[in-house]
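We have chain U already, so just place chains Z, R and P on it with the hints.
One letter stands for each residue in the lines below.
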Amino acid sequence: MHCERIEDGAYWRGSFTAMGSPCEILIDSDDERLANTLCKLVRDEALRIEHKYSRYRVDSVLSLINASRGHPVTADAETAQLLDYAEQCHRLSDGKFDITSGVLRAVWRFDGSDRVPEAAAVAKVLEHVGWHKLQWRNPVLILPEGMELDLGGIGKEYAVDRCALLCSQTAAVSALINFGGDIYISGPRRGDQTWIIGIDDPHAAGTTGTGALQLRRGGVATSGDARRFLMKDGVRYGHILDPHSGWPVSGAPRSVTVVAQTCVEAGMLATFAMLQGARAEEFLREQHVVHRCVR
Amino acid sequence: MRILTVPAILAALLVSGCAEVKPWDRDLLAEKKMQLVPAPVDNGLDEHIFYSKEAASGGQGVGGGGCGCN
Amino acid sequence: MSFSNAKALLLIVLMCLTLSHGALAADTVAPSFSLSTETGTVKLADLKGKVVYLDFWASWCPPCRKSFPWMNEMAQRYGQQDLVIVAVNVDKTRELAAKFLHEVPADFTVAYDPEGKVADSYQVQGMPSSFIIDRSGHIQASHIGFREEDTAALEGALQRALRP
Amino acid sequence: MQLESRAYLRTALAAASCGLLGIAPHAMADAPEPLQVDSALLYYKEQDRVNVVEATANIKQPLGEGEAVTVTPTVDSITGASPTGATSTDKAQSFGTDTTPAGKLPLKHFMDHRYAIGLSWEQPLDRLSKSVLGADASVERDYNSIGVNGSLAQDFNNRLTTLSVGLAGSLDTIQPSGGIVPQGLTQLGTSSSAAASTPTPSSSPVFEDSLTAVIPHAITTASGLVIGGGSSGSTTSGGSGTTGDIGTPRQSRSKQVIDGMVGLTQVINRRTLMQLNYSLGISSGYLTDPYKVLSLVDGTTGDTVGYITELRPDTRLRQSVYWQTVLHLPEDVIHLSYRYFWDDWGTRSHTVDLHYHFDLGHDFYLEPQARYYTQSAADFYHHSLVSGAPLPSYASADYRLAEMSSYTYGLKLAMPLGKDGEISARATYMQQTGNSHPADAIGVQRTQDLYPGLKATTVQLGLSFKL
Chain U
506 MHCERIEDGA YWRGSFTAMG SPCEILIDSD DERLANTLCK LVRDEALRIE
556 HKYSRYRVDS VLSLINASRG HPVTADAETA QLLDYAEQCH RLSDGKFDIT
606 SGVLRAVWRF DGSDRVPEAA AVAKVLEHVG WHKLQWRNPV LILPEGMELD
656 LGGIGKEYAV DRCALLCSQT AAVSALINFG GDIYISGPRR GDQTWIIGID
706 DPHAAGTTGT GALQLRRGGV ATSGDARRFL MKDGVRYGHI LDPHSGWPVS
756 GAPRSVTVVA QTCVEAGMLA TFAMLQGARA EEFLREQHVV HRCVR
Chain Z
26 MRILTVPAIL AALLVSGCAE VKPWDRDLLA EKKMQLVPAP VDNGLDEHIF
76 YSKEAASGGQ GVGGGGCGCN
Chain R
51 MSFSNAKALL LIVLMCLTLS HGALAADTVA PSFSLSTETG TVKLADLKGK
101 VVYLDFWASW CPPCRKSFPW MNEMAQRYGQ QDLVIVAVNV DKTRELAAKF
151 LHEVPADFTV AYDPEGKVAD SYQVQGMPSS FIIDRSGHIQ ASHIGFREED
201 TAALEGALQR ALRP
Chain P
197 MQLESRAYLR TALAAASCGL LGIAPHAMAD APEPLQVDSA LLYYKEQDRV
247 NVVEATANIK QPLGEGEAVT VTPTVDSITG ASPTGATSTD KAQSFGTDTT
297 PAGKLPLKHF MDHRYAIGLS WEQPLDRLSK SVLGADASVE RDYNSIGVNG
347 SLAQDFNNRL TTLSVGLAGS LDTIQPSGGI VPQGLTQLGT SSSAAASTPT
397 PSSSPVFEDS LTAVIPHAIT TASGLVIGGG SSGSTTSGGS GTTGDIGTPR
447 QSRSKQVIDG MVGLTQVINR RTLMQLNYSL GISSGYLTDP YKVLSLVDGT
497 TGDTVGYITE LRPDTRLRQS VYWQTVLHLP EDVIHLSYRY FWDDWGTRSH
547 TVDLHYHFDL GHDFYLEPQA RYYTQSAADF YHHSLVSGAP LPSYASADYR
597 LAEMSSYTYG LKLAMPLGKD GEISARATYM QQTGNSHPAD AIGVQRTQDL
647 YPGLKATTVQ LGLSFKL
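Heads up: the protein sequence lines correspond to chains U, Z, R and P, in order. Take 506 as the starting number for the first sequence in our numbering and just add one per residue. Take 26 as the starting number for the second sequence in our numbering and just add one per residue. Take 51 as the starting number for the third sequence in our numbering and just add one per residue. Take 197 as the starting number for the fourth sequence in our numbering and just add one per residue.
The shape of chain U in the complex, shown without the other chains (with noise of 0.2 angstroms):
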């Protein structure tokens, strides 16, 4: 953990990493003692989270669940919240915005080569995809063999919304935090000024290019990743993957980025806008939400 002051900047900031992102933590304030405080806060929920939720970790709540081979599991309570709002996020999608849907990553690896999976390969991995295909009555889960939950869609955002609550419940100060890109601002900082955001131009990784966010307050999420595609004869094939049909969503933006209330609900709206492929920009303008969306 280091947490170092910007004086340029008028602020200090806590870098670490976590959830296989850079993560880091902007406080508007001058109290030295209090910045440690709240970065040593932050870094401990979101390692706290990663531990609790990661795929990687075999002790995970998570691996326990994907290793639950069809027997029932009692969620905790955090764990069960999640649950529902992934149950909502499904209905709310017409089914696709789907946790079961991380297996196909069996299959698919986009690593910008050419290797798009056969057909029957996807067909067979489908075969453990679909979230009518468990059982979940809170708090008791059943998750038939060879199927896995994946909350890629929603760990990074919901533990930047849990530390932006740890924080606001500790000290009245303008803090932004930041994991790989997914943001909460809670307030203004002093003065009333806002916290400036470049937002990644996906054509050339690392460069802010697409224009900066002013914002006071709210949540940041953005969804798609340029440097994850597969390209073969001529056709660029983005990551984001249709649980129905198990193929990327045809027509869809490089990269959408939304400005909500939480980090959590941008997320999910980014996430959303992806879905929509070709139909990304109408569907986030009816929303009537701050985006930027880059093809």
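Hints in this document: simulated from the structure, not taken from any laboratory. Don't take each hint at face value.
Examples of chain U residues lying across from chain P (beta carbon under 7 angstroms, computed) [to be verified]:
hint, residue
1, Q586
2, Y590
3, Q593
4, L597
5, D666
6, L735
7, Q766
8, T767
9, V769
10, E770
11, Q792
Straight-line Cα separation of at most 30 angstroms, DSBU-like style, residue types lysine-lysine; simulated pairs [unchecked claim]:
hint, chain 1, residue 1, chain 2, residue 2
12, Z, K58, P, K256
13, P, K615, R, K149
14, P, K256, P, K326
15, Z, K58, P, K300
16, P, K256, Z, K57
Using N, Cα and C, we set each Cβ at its ideal position, and we do this for glycine too.
Chains Z, R and P only, in chain U's frame:
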């Protein structure tokens, strides 16, 4: 009818007496309890009872369910 | 109802109609103001060169509740193009405004004018009322009330004012 | 992929996300406005007379920008006994199966259910004016009503003044239970009508069952003379008469009511609002109460010797001036109104109504109410008629047309329910008093209370919430 000169004068007083209340000074007037009929359902029930127990009726508004309780 | 009384009543009402007068006309210089905000003060003079969307609102005014999300969107959409939104609250106490802002957050500057002095200098006619002040400090447009169908015209006026 | 309707999805997703984090969702510009329900259950009880249980609700669905549709269903059930119009006398009187002991006011037991529905559509025409169009219908065992109404309100003078005009019309049909619409001013039970001028009914009135019209078919008068069962009538005992010949349709009458109103609302100052309405109403058609009679008394002894059906004019012109003021004290609010009502039936009435809204803080409030009402008698009101004397053209002994005054006291307590709801309890007590010993009472009538008056209490539970 002579009797109507009273309302005409009342109206004159009513309207001419209007101090210019600025839009930003209408906080009290916007409150629910300051509406002319703050509880329409209570009002409707009362009107129904008095309509069926007295000769006089109405006066406050127009329309609203006929009833055989004359 | 005898005819003479009816005439009298109508005359009085018509007389009353003439009392009202419009808000500040377009192209007049926007009256200057200095108002306190949550974290300091905001002065119109400091905003020279920027386009200001000045909105008068109160916690007890239902359409105002609808205008805030739209103003948030405008603040985020045109913030970098020198648009400054100043929402002047005319509630008599700060608590009423605070309760409103808790439910309907503002991503723009909120200023307080409990006596309505600035509202009076702009001859506000209704709640909410908004004024678009161009970069040279002149009122380009004013609008009373807030309805969903008004937003297109309002955004158009903002874009015209923002055009360099 | 067809996502849920846009506005619903955004609200549902925001709510779900905030639910996950345990925080309250922020208001959104185009969130669909919630349904507003204001409902109430009323229990109305008169001393020895009528009981009414009524349930009603205003269900309002805003459609955005000030437009809204409101549905108002109402159900009430009325049971008990209502005065027949006959006066009490020092001897027992019997009406069909009901026997009224000496000194008691003859009452008629009945039961009825009323189902009513109202619909109104409120629409803003421009920033300063709005229109409300409505329709309503109500159905009872013996009374149906359908009506339409419309009103227009225009704001002037920076919304300090509002001029509103309204119009309503309704068509009511009356089908007396018993199937017969009695001939007015016709003596009961005798084939020959006391008043030569009115045609004799083909057969004496025959009645359906114990719920029949109040008109008896056989009377034992004070002197033991049995009137009734005339030459053509088939006296039925046990009150389970037949409805005339089988298959003849039940007789009915209709009446039309048109009401107009012009209203002026004016903001006087920051704390005071006033309203002044002038209303005009014309009712025409069958305005008589088919169930009411008048006692025929002996000119010297005052003994009841018979009964005669009432008859009211078939038109009525009603006018009223209504003034209300609402005054905001530092915390509390006073609602005071005065109404002067007059009609071409000769009734003049004054009504003063005062509500004092005690603000107890945090949306709790206590609201005592006091109402004073007084009216003069209709020209054709008579507590009874002298047998043998020339009949007036119209006559009714309905206590609601008599000279009387009434006091009503009420108290309402309300408290908030959740974020936008309210639960309330309300009770009122009403007492009507009139002239019990009129100067023109004859003989034995002087010993009787010719205007027993009415005492009634109500208990009402209210529930408002948003869905």
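Could you work out which earlier hints the structure fails to respect and list their numbers in ascending sequence?
Hints 6, 15 are the ones this structure does not satisfy, whereas the remaining hints hold.
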